[in-house]
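Novice: Residue-level listing of the chains:
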Amino acid sequence: MPDLGKYADAVLSAYAVSIVLLVAIVGLSLWRGARVRADMRAVEERTRRDG
Amino acid sequence: MRALLLRDLRLALRAGGGFGLGLAFFLIVIVLVPFSVGPAAELLGRIAPGVLWLGALLACLLSLDRLLAVDWEDGALDLLATSPLPLEGVLAIKAVAHWITTGLPLVVAAPVFGVLLNLASPGYGVLVLSLLLGTPALSMIGAFGAALTVGIKRGGLLLSLLVLPLYVPILIFGAEAARRGAEGLDPTTPLLMLAGITGVVLALMPFAAGAVLRVNLR
Amino acid sequence: MRALLLRDLRLALRAGGGFGLGLAFFLIVIVLVPFSVGPAAELLGRIAPGVLWLGALLACLLSLDRLLAVDWEDGALDLLATSPLPLEGVLAIKAVAHWITTGLPLVVAAPVFGVLLNLASPGYGVLVLSLLLGTPALSMIGAFGAALTVGIKRGGLLLSLLVLPLYVPILIFGAEAARRGAEGLDPTTPLLMLAGITGVVLALMPFAAGAVLRVNLR
Amino acid sequence: MSLWEYANPVKFLRLSERVLPWLWGLSAVCLVVGLVWGFFFTPDDFRQGSTVKIIYLHVPSALMAINAWFMMLVASLIWIVRRHHVSALAARAAAPVGVVMTLIALFTGAIWGQPMWGTWWAWDPRLTSFLILFLFYLGYIALWEAIEDPDTAADLTSILCLVGTVFAVLSRYAVNFWNQGLHQGASLSLDKEENVADVFYQPLLLCIAGFVLLFFALVLYRTGTEIRVRRTRALIAREGKLA
Amino acid sequence: MELTVTDLAVGRGGVPVLAGVSFALAAGEVLVLRGPNGAGKTTLLRCIAGLQEPMAGQIAGAEDRIAYAAHADGLKSALTVAENLAFWAAVFGQSGIDQAMTAFDLHDLQDRRAGQLSAGQKRRLGLARLVVTDRPVWVLDEPTVSLDAASVALFADAVRAHLAAGGAALIATHIDLGLDAGVLDVAPFRARVDAVRSSDEAFL
Amino acid sequence: MELTVTDLAVGRGGVPVLAGVSFALAAGEVLVLRGPNGAGKTTLLRCIAGLQEPMAGQIAGAEDRIAYAAHADGLKSALTVAENLAFWAAVFGQSGIDQAMTAFDLHDLQDRRAGQLSAGQKRRLGLARLVVTDRPVWVLDEPTVSLDAASVALFADAVRAHLAAGGAALIATHIDLGLDAGVLDVAPFRARVDAVRSSDEAFL
Ligand code: HEM
Ligand SMILES: Nc1ncnc2c1ncn2[C@@H]1O[C@H](COP(=O)(O)OP(=O)(O)OP(=O)(O)O)[C@@H](O)[C@H]1O
Ligand SMILES: Nc1ncnc2c1ncn2[C@@H]1O[C@H](COP(=O)(O)OP(=O)(O)OP(=O)(O)O)[C@@H](O)[C@H]1O
Ligand SMILES: [Mg+2]
Ligand SMILES: [Mg+2]
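Chains as they are written, first to last, in the working numbering: chain A, 1 to 51; chain B, 1 to 218; chain C, 1 to 218; chain D, 1 to 243; chain E, 1 to 204; chain F, 1 to 204.
Each hint should be verified, as a subset may be incorrect.
Partial pick of chain E residues on the chain B-facing surface, computed with a CB cut under 8 Å [said to hold, decoys possible]:
1) E53
2) A60
3) D64
4) Y68
5) A70
6) A72
7) D73
8) L75
9) K76
10) A82
11) F87
12) G115
Pulled from the structure, derived: some chain E residues nowhere near chain F, Cβ distances all over 12 Å [claimed, not checked]:
13) Q99
14) T144
15) P188
Only some residues are given here: those of chain E computed to face chain F with a beta carbon under 8 Å [what the hints assert, rightly or not]:
16) G13
17) P36
18) N37
19) Q110
20) Q121
21) E142
22) V145
23) D148
24) A149
25) A153
26) L154
No lab work stands behind these hints, which were simulated from the structure alone.
Where a beta carbon is used, it is the ideal one built from N, C-alpha and C, also for glycine.
Required output: the full structure, derived from the provided sequences and hints.
Specialist: Printed below as a string of structure tokens:
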């Protein structure tokens, strides 16, 4: 850990906020993507079955 | 009742983000203030607590016309009135849903907006506390106002007019508390007053609103 | 076209006073400001030009959702679109009616409210002039926003969100002119800018609004 | 084969399936290496102290926040002119990513401003137009959400995107126009004199690359998701009608 | 228990519209209200449903037993067909919506948003709501508006099933529903102005 | 000049609903559209009225010649019956509203606010609007909803008068209007999904 001096709070919180936001957008995208994919599969199955 | 709450929240989520929009309006008011009074940091800091409260109040107010009017127009309100739910309960639930979609986000976001207006640093805690105490009353009074104006086409402006005087005491004590907090004074008295007003409003307003709505449905 | 203008004005008069309400809202904002920032006369005087412009803008904004939504809901907009009137004309007329019912009363009443906020005496003329130049553009931009959100149930808040950034330049120059006026400086430059913006908006926006509305009616 | 062929959803999906793993991987590598390098292995600035380390987050995110809007502009124009659905959906998919970039830039900028300027926020031209750009992002997303018919929504949001571009341009070049704000000018310009020192420059470039790649990975992935939503919608609609 | 209306007078905007209306509706019966446009059918039904006060007379057996359906269906266009129905079922303390979906042939439309239905499909959904209320007395104002012949038959079947289960129905309509129903023509009950104490009476 | 529709395809929300619709409507003719709920009558009429774009095919002779009436009547409840009609007359460059008032028996209601009319009275006012447009082709979507028998007859008379004056009418309805009309059943034109280039086609 480098010595951040008196600005430790500022630097650390900036990194924390940014990383949380990045992880959030990536996580949300993947989660929604997976759900939509599953929905589409289900509907595709249904239509194939019904002809 | 739970079904109603869930439905209202779901509708708020689906129909173009009822959640975000109140917040966005709040943000917009806050952004416009420096444009109109000029960007001097000292001046902004002085008026910040008042402007934040005013912005929260206007954001709340603007979303009030969604509270009942949609249900009125598509007939759902008539049907709810003939359902087993008591009308008072319906209105209380609607106020709760309104608070969750408008008031709560405002409370959470207020500190961020405080930064934009250069609010003095001791003021943040008190600001959040005062909003947390005050906004539920805003929603409940709003439900009363909405019940009062429900039959009127585009009653939005009229609704604001009727409701605003009722908002004044809340604004006075809320802004006073926030200002005292920002200046490092003791905000207990206005906070207590605020809590008292909110308590009374939450206890009585559902009945007043129910009565008024019954008259309006007739 | 004249028939449409007359009808809109008549409706504004009948349906719960479209005329008075914008004004009333303006008044209320002006009245709430001292409650929220505290009644110190010097502070009020300093922020007066900005607050007056902000109040005018919000009053204008709040009445925007009446501009098209009523006609949309009861099907009159569909019928107007199939009528011989060009859609651009319809929107321009609607903006004019909106200005007459909201902007004009504000312009006339602004000096009175200036007194309430302790506006410095050289500022009155410039304030009125700046509002007179700026408010027509507010109405026309508002018509564009209303056309953009017309299909959306209770798009009121979304409408504000979309329209407000477009209002920013008008607010900047309007408030700047009013502030210079109040401080006894020369307000010509911001007034000219304001006039320029309004000219451009009035010339172009009806077509943008017409195009957008056509997409929305589809 | 012309580039337009990839405007076909199926082709697009196939291509993006192939490209995406690389994009994810590369962006992760760039970000991790860049940030670790910047955070642990660069010296403090003689004036700014350790706060320079914020530059590795602030500058790339601010850059991407603005570039994302330009990318949406291009996609919207393609939609307006050639009416390729995929490009409209790409614009839609990019907006939330842009919002996140904007938020990161705003937060890190504010956190940086407190020690540097003695204030979290100032109403300086660049900052202000950037904030308005943020509002446009919100309005853009809300408009997409609010309109049921996807083609109508695409048309209307495209128009909004055109208008919002003014503020994107302003937040990039406002510093040059007015020259009176607190915020620094272009320190990444090729003009050597204004440029930041090399020690900071190299990890910064890596971070920028990481943000760019992450942006493209996210947009590609999210566009795929939007395509699947539309496909599901179309299938359901067909089902209802045949029944 | 039957619905009994005795000497009822109803009005709109303080002006009496119908007066002296009396009838009784027992379990298993349908009563069709007829009368020309503007006769006062809607007003009468709203009054019986408890949405407005009678100007005179009594209504017995209505309290909490009525399911009312008017022109406006109270559908939320952002919710799907199934969600709309499930909401009303929950409000009325019921849970299953399957029977209602079957009765009005809505299964195919289940996941469609209500805003994306045609006029007749919307109406069918609005009527399906009646089934999930599980209330004994249906009070319906022109229920078959914009329904095609097949859907009108579905509706008639639903009413018959409701009657067979011990329910009753009061229906205002201009068309023939193919139901074996009593008919009440409201035209003869048109109120003479002095017939009832109107709120404007003091000025007469 | 007649209204000619050639090989028209129409859709809702990007999904094709009807395809391959062709017909011609000459002066003095009525064409009644029939079809079950959700068949696509409303969509077809909106398209012909110019409120939405066709997905394929041509419409000739519609430009500025159509008076459209749908469910929503576009009435202003704060204006009186006469004011409502006069407004539409002015918009269409006409002046007299007397003939329309007579045709739909509105003289008695003349000074009543539109908001205070019953469902059927509102509808009558909405239909009277057609007369004041003076447009040759009437395009009507379920015009007789909530009308009683007498009013339906008034409506039929109005249509006959319009035809006699060289007009034409295209009417979607589920009931029998008592008009001597050609019938077009839209059910056979239901679009096969691959029949037309839909905007969602790329996703299928
Ligand atoms: C809330 C406050 C701030 C905001 C909203 C903000 C916003 C921006 C924006 C929009 C850019 C331009 C990106 C581009 O054109 O691609 C930028 C670049 C930059 N910012 Fe900030 N900033 C803030 C605070 C700060 C502070 C406090 C510092 C350092 C003292 C700083 C240093 C920089 C640097 C070095 C650049 C790169 C220069 C350039 O490419 O123009 N920023 N920022
Ligand atoms: N809001 C109102 N204020 C005053 N009078 C009204 C109002 N609404 C309706 N009326 C009048 O009351 C009378 C009864 O109206 P009602 O709607 O009950 O008729 P109805 O039998 O349902 O007719 P319809 O078959 O046309 O629906 C009508 O003459 C109508 O003009
Ligand atoms: N906004 C919409 N989005 C998507 N599909 C829609 C929308 N509105 C209607 N539909 C569908 O389009 C089809 C045609 O609808 P349309 O309203 O034209 O039918 P209609 O023939 O007028 O029926 P009705 O007799 O019930 O009025 C229906 O299957 C309907 O579900
Ligand atoms: Mg009726
Ligand atoms: Mg239809």
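Novice: Is the hint on K76(E) kept, meaning its closest Cβ partner in chain B is under 8 Å away?
Specialist: Holds, about 6 Å.
Novice: Under 8 Å, Cβ to Cβ, is where A153(E) needs to be relative to chain F, so tell me if that hint holds or is violated.
Specialist: violated, 12 Å
Novice: Under 8 Å, Cβ to Cβ, is where P36(E) needs to be relative to chain F, so tell me if that hint holds or is violated.
Specialist: holds, 5 Å
Novice: Is the Cβ of T144(E) more than 12 Å away from each Cβ in chain F?
Specialist: At about 9 Å from chain F, T144(E) fails to clear the 12 Å cut-off, so the statement is violated.
Novice: Does A149(E) hold up as a contact with chain F if the rule is Cβ-Cβ below 8 Å?
Specialist: Holds. Min distance 7 Å.
Novice: How about A60(E): closest beta carbon in chain B under 8 Å, or not?
Specialist: With a closest approach of 17 Å, the A60(E) hint is violated.
Novice: Taking 8 Å as the limit, does the beta-carbon of Y68(E) come near enough to a beta-carbon in chain B?
Specialist: Holds - the Cβ of Y68(E) comes within 8 Å of chain B, reaching about 5 Å at its closest.
Novice: Double-check D64(E) for me: the hint is only fine if its C-beta lies closer than 8 Å to a C-beta in chain B.
Specialist: The hint holds - D64(E) has a Cβ within 8 Å of chain B, the shortest such distance being about 7 Å.
Novice: Per the CB criterion, is E53(E) less than 8 Å away from chain B?
Specialist: holds, 6 Å
Novice: Quick one: work out the minimum CB distance from P188(E) to chain F and report holds if it exceeds 12 Å, violated otherwise.
Specialist: holds, 15 Å
Novice: May I ask you to test the interface hint for D148(E) with respect to chain F, counting a Cβ-Cβ separation under 8 Å as satisfied?
Specialist: Interface hint status for D148(E): holds (5 Å vs cutoff 8 Å).
Novice: Against chain F, is V145(E) within 8 Å by beta-carbon distance?
Specialist: holds, 5 Å
The structure shown violates the earlier hints numbered 2, 10, 12, 14, 19, 25, 26.
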